[in-house]
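Colleague: With these hints in hand, go ahead and build the complete structure from the sequences.
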Amino acid sequence: NAGVTQTPKFQVLKTGQSMTLQCAQDMNHEYMSWYRQDPGMGLRLIHYSVGAGITDQGEVPNGYNVSRSTTEDFPLRLLSAAPSQTSVYFCASSYRPGTGGRRGTEAFFGQGTRLTVV
Amino acid sequence: AQTVTQSQPEMSVQEAETVTLSCTYDTSESDYYLFWYKQPPSRQMILVIRQEAYKQQNATENRFSVNFQKAAKSFSLKISDSQLGDAAMYFCTLTQGGSEKLVFGKGTKLTVNP
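In order, the protein sequences belong to chains Y and Z. So the working numbering is basically just the index in the first sequence, starting at one, shifted up by 3. Note that the working numbering numbers the second sequence so that position 24 is 7, with each residue one more than the last.
Hints were generated in silico from the structure; no laboratory data involved. Just so it is clear, CB atoms sit at the ideal spot from N, CA and C, and this is done for glycine as well. It is possible that some hints are incorrect.
As the list claims (entries may be wrong) - With a Cα cut of at most 30 Å, we get these calculated DSSO-like pairs of lysine-lysine: (1) K12(Y) x K56(Z); (2) K38(Z) x K12(Y); (3) K12(Y) x K84(Z); (4) K38(Z) x K17(Y); (5) K38(Z) x K89(Z).
Unchecked claim - Simulated DEER-style distance windows between Cβ atoms: (6) P24(Z) x P11(Y): 17 to 27 Å; (7) R46(Z) x M30(Y): 25 to 35 Å; (8) G43(Y) x N96(Z): 38 to 48 Å; (9) F47(Z) x E62(Y): 22 to 32 Å; (10) Q39(Z) x K12(Y): 40 to 50 Å; (11) I57(Y) x P97(Z): 24 to 34 Å; (12) T23(Y) x A54(Z): 39 to 49 Å; (13) M(-6)(Z) x K12(Y): 27 to 37 Å; (14) K61(Z) x E109(Y): 14 to 24 Å.
As the list claims (entries may be wrong) - Anything over 10 Å on all C-beta distances counts as not near chain Z; from chain Y, calculated: (15) S36; (16) L46; (17) V91.
Modeller: This is how it looks when you write it as structure tokens:
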């Protein structure tokens, strides 16, 4: 059981380059999300999705795009990388509240991507 | 808006001793859930313990237990018989019952001394 798979684990980008962080889950979770982790800041929500075709912004969405064409995949796109986007990125998935009576369920996280923008 | 505050950026404990990590939170909702996640040096986020706000009984998971004080909006984590493998960053986390958006505290780095 793979859980949540994130790729790549490490990436160095030059300012202005674009890239896509991949995230896939095999648990049939409706809810998927992207967080960034910065020193002393905890994790902050970038974008999230409650199902295929539905996405919404979180706390820090600027500079990032997402799409959700399938239940399994939720890629995060950096359109024009900036040094301020240097961070560790985590993808997470969980059941959507209400489905099957589930509420407040555990979120499963990928192993993270350490991104450096120079 | 929901907020989570961890006032201890770093803590240390001797192996086999007990340590308590503090967390306070703020939410206007009555239906919410609280979690402690552990992040070891491997970077993997691991759920340690979960508490439903409507339950008065404090959650326990083996050596991990919480002191949930709803009126005070406090949710501390107690680790008993600390082990070297407990060394990690610990995040206190809050979510509303109707949403899976997680609000994280800034984390407490726990060091376990042999």
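Colleague: The structure should be examined with respect to each hint, and the outcome stated for every one.
Modeller: Against the structure, the hints:
1. Our distance criterion of 30 Å between C-alpha atoms is broken by K12(Y) and K56(Z), whose separation comes to about 37 Å.
2. The straight-line distance between the Cα atoms of K38(Z) and K12(Y) is roughly 39 Å, outside the 30 Å bound, and the hint therefore fails.
3. A distance of roughly 24 Å separates the Cα atoms of K12(Y) and K84(Z); the hinted pair therefore holds under the 30 Å criterion.
4. For the suggested pair K38(Z) and K17(Y), the alpha carbons sit about 50 Å apart, so the restraint of at most 30 Å is broken.
5. For the given pair, K38(Z) sits about 25 Å from K89(Z) by alpha-carbon distance, which is consistent with the 30 Å threshold.
6. Checked against the hint of 17 to 27 Å, the pair P24(Z) and P11(Y) passes, with Cβ atoms roughly 19 Å apart.
7. Between R46(Z) and M30(Y) the Cβ separation comes to about 27 Å, which falls inside the hinted range of 25 to 35 Å.
8. Evaluation of the 38 to 48 Å hint for G43(Y) and N96(Z) yields a failure: the beta carbon distance comes to about 23 Å.
9. The given range of 22 to 32 Å is respected by F47(Z) and E62(Y), whose C-beta atoms sit roughly 28 Å from each other.
10. The beta-carbon spacing between Q39(Z) and K12(Y), approximately 42 Å, falls within the hinted interval of 40 to 50 Å.
11. A beta carbon spacing of about 49 Å between I57(Y) and P97(Z) contradicts the range 24 to 34 Å that was offered as a hint.
12. A beta carbon spacing of about 46 Å between T23(Y) and A54(Z) agrees with the range 39 to 49 Å that was offered as a hint.
13. Restraint check, M(-6)(Z) to K12(Y): a C-beta distance of roughly 29 Å satisfies the suggested window 27 to 37 Å.
14. Between K61(Z) and E109(Y) the Cβ separation comes to about 20 Å, which falls inside the hinted range of 14 to 24 Å.
15. The Cβ of S36(Y) does not lie farther than 10 Å from every Cβ of chain Z; its closest approach is about 7 Å, which violates its non-interface assignment.
16. For L46(Y), the non-interface assignment is contradicted: its Cβ lies about 4 Å from the closest Cβ of chain Z, within the 10 Å cut-off.
17. Against chain Z, the non-interface label of V91(Y) is violated: not every CB pair exceeds 10 Å, the least being about 7 Å.
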